[in-house]
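Asker: Chain by chain, the residues:
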Amino acid sequence: MEKDGYVFDFSDDIVDIISFDENEKLLCDGMKSVDIIAEFPNEYLFLELKKYKDRNIDFKCPLWKEAKVVSNCPLLKNEKISGLASINRIAKDLRQKYFDTFLYRHINGRNDKPISYICVVEGCDSALTTRLKDKVSMILPLKRKMIKENDEWNYFILKNFAVVNVKSWNKSPQLNRYASCSIVD
Amino acid sequence: MLTEIKIDNITAFENLDIKLSKGINVFIGANGTGKTHLMKLMYAAMLVADVSSKKTLDQILQNIFLPDSLGRLVKRSLGRGSGSFSVYRQDDDDTPRYMRYELSSLGKSQTINHRIWTKKQSYNIVYIPVKDMLANSPGFKSLYEKRELYFESIYADIVDLALLPPLKGHASKEKTILLDLIQQIIDGKVIKKDEKFYLKNKQGNLEFTLLAEGYRKLGLLYSLIQNGSISSGSILFWDEPEANLNPKLTQQLVNIILELQRMGTQIFIATHDYVFLKELELSKKKEDALMYHSLYKENEEIKSQSVENLNEISNNVINDTFDSLVGRALGFEWED
Numbered sequence: 001m002e003k004d005g006y007v008f009d010f011s012d013d014i015v016d017i018i019s020f021d022e023n024e025k026l027l028c029d030g031m032k033s034v035d036i037i038a039e040f041p042n043e044y045l046f047l048e049l050k051k052y053k054d055r056n057i058d059f060k061c062p063l064w065k066e067a068k069v070v071s072n073c074p075l076l077k078n079e080k081i082s083g084l085a086s087i088n089r090i091a092k093d094l095r096q097k098y099f100d101t102f103l104y105r106h107i108n109g110r111n112d113k114p115i116s117y118i119c120v121v122e123g124c125d126s127a128l129t130t131r132l133k134d135k136v137s138m139i140l141p142l143k144r145k146m147i148k149e150n151d152e153w154n155y156f157i158l159k160n161f162a163v164v165n166v167k168s169w170n171k172s173p174q175l176n177r178y179a180s181c182s183i184v185d
Numbered sequence: 001m002l003t004e005i006k007i008d009n010i011t012a013f014e015n016l017d018i019k020l021s022k023g024i025n026v027f028i029g030a031n032g033t034g035k036t037h038l039m040k041l042m043y044a045a046m047l048v049a050d051v052s053s054k055k056t057l058d059q060i061l062q063n064i065f066l067p068d069s070l071g072r073l074v075k076r077s078l079g080r081g082s083g084s085f086s087v088y089r090q091d092d093d094d095t096p097r098y099m100r101y102e103l104s105s106l107g108k109s110q111t112i113n114h115r116i117w118t119k120k121q122s123y124n125i126v127y128i129p130v131k132d133m134l135a136n137s138p139g140f141k142s143l144y145e146k147r148e149l150y151f152e153s154i155y156a157d158i159v160d161l162a163l164l165p166p167l168k169g170h171a172s173k174e175k176t177i178l179l180d181l182i183q184q185i186i187d188g189k190v191i192k193k194d195e196k197f198y199l200k201n202k203q204g205n206l207e208f209t210l211l212a213e214g215y216r217k218l219g220l221l222y223s224l225i226q227n228g229s230i231s232s233g234s235i236l237f238w239d240e241p242e243a244n245l246n247p248k249l250t251q252q253l254v255n256i257i258l259e260l261q262r263m264g265t266q267i268f269i270a271t272h273d274y275v276f277l278k279e280l281e282l283s284k285k286k287e288d289a290l291m292y293h294s295l296y297k298e299n300e301e302i303k304s305q306s307v308e309n310l311n312e313i314s315n316n317v318i319n320d321t322f323d324s325l326v327g328r329a330l331g332f333e334w335e336d
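In order, the protein sequences belong to chains A and B. The numbering of the first sequence is our numbering, which starts it at 1 and goes up by one. The numbering of the second sequence is our numbering, which starts it at 1 and goes up by one.
These are calculated hints, taken from the structure and not from any lab test. It is possible that part of the hints are untrue.
Unchecked claim - As a list, the in silico PhoX-like pairs of lysine-lysine whose alpha-carbon atoms are at most 25 Å apart:
hint, chain 1, residue 1, chain 2, residue 2
1, B, 297, A, 167
2, A, 135, B, 248
3, B, 175, B, 286
4, B, 120, B, 55
5, B, 75, B, 55
6, B, 55, B, 108
7, B, 119, B, 6
8, B, 202, B, 131
9, B, 248, A, 171
Produce the complete structure using the sequences and hints provided.
Answerer: Given below as structure tokens:
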């Protein structure tokens, strides 16, 4: 599957793939969605794809403090000129995308399997993806946190969460079993 | 400025040829890949570039590396061996200069092209070692001169330079900018009294021994810029500038280094620090001269790769470490 500059070659046990952001019009105004939902026999995978231009094309990674950004970062879509993006804004955006998608599907009775959420951020090295993952994890209700805080939960909002670049995705046995990932040339 | 170094069978290196940037040269690589050795060899070569230098290259190398015998600097192998290193330089007169130092494992040496290499000119060559010396400077200079102290000479050299009094006359615009930058970070000026260093500000004078180690490093830089040891045309070797410095200060440190380069100082840096490299990448401008030299082991031999952009390095041990962390974290946290 090709989407937003990425190519995913999903494993054979894939049940269904939805390019979910194309359904954004189904959501209410102000709601956001993840890019892809991949259904596997025992779980759903929510995929959010971000791609930042590299340094050679006047790039400064928005995760790095408050550097000026010239990028196709979706956060900046409505800003007239390249603006300031901070790790907090990106983290909140990733959280909202997950929750809005989760809510929409929950209301429609589609959350019948555990969900893992992966954000693929090309253009950022592993140090930056680690920092972003830690930041977003703090504001997401991950299963392990829910268990820790209250053992009466019998329904979990989010099982796993990861932020990776393409290299880390392909090196990880945990993610590789869902699909291999590459960048469109 | 130095333009190239070639090494054959000396210390950790078997065969190495590195073309250098006229601005900033950043050496990265795992421990034991020879970053410091490389900088020390170039430093030694530049110390004899001044024709009035009182020491021979043999003596300088002995004092800088402190081997049991000079021949130990030849890369260790079975039986007798020999090694050499060549350094290339271009001064303001645009004349390419080059010297080659050959050494046998028995300690016999010869310097080729010594006459061409030396010039009637004093060069400002500075080597800032990892460990701070300013706090220990009182008495160190005289003790080092009179006694056999087992300290690499780079420590005595840096104390000597830092103790030089400030230059007379008005400071140039660039110099004033740099001194102001440092003054803002360390919140004061550096002054010297009887070989002791103090930070002077509104609260009075603070002994360097009571000052945070990271600030001492910037204080040293302040003294070296103030007394002209670091200026346009100088060559600065700085081993792990990030050591003892909180990453919060790295951005300012990088700004200082970039300003030095813009002023015309050639800079050599060895680093292990991701934040330092990232700040450098984000703060450099197109017109800044900067090269990254990655040193890595391949089949037990040290190789190098020189590139202008950080993301072009194929053997970046720091990024590899973060990649490995991501993989391990996923393996640890991901639930089936």
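Asker: Hint by hint, note whether the structure agrees.
Answerer: How the hints compare with the structure:
1. With a CA separation close to 22 Å, the supplied pair residue 297(B) and residue 167(A) stays within the 25 Å bound.
2. Distance restraint check for residue 135(A) and residue 248(B): the Cα-Cα separation of roughly 18 Å lies within the 25 Å cut-off, and the hinted pair is therefore satisfied.
3. Our distance criterion of 25 Å between C-alpha atoms is met by residue 175(B) and residue 286(B), whose separation comes to about 22 Å.
4. Distance check on the hinted pair: residue 120(B) and residue 55(B) sit about 15 Å apart at the alpha-carbon level, within 25 Å; holds.
5. Of the pairs offered as hints, the one joining residue 75(B) and residue 55(B) holds, with about 24 Å between alpha carbons and a cut-off of 25 Å not exceeded.
6. For the suggested pair residue 55(B) and residue 108(B), the alpha carbons sit about 17 Å apart, so the restraint of at most 25 Å is met.
7. This hinted pair checks out: residue 119(B) and residue 6(B) have alpha carbons roughly 21 Å apart, not beyond 25 Å.
8. Restraint check for residue 202(B) and residue 131(B): the C-alpha separation of about 28 Å exceeds 25 Å, so the hint is violated.
9. Restraint check: the Cα-Cα separation between residue 248(B) and residue 171(A) comes to about 32 Å, which exceeds 25 Å; the hinted pair is violated.
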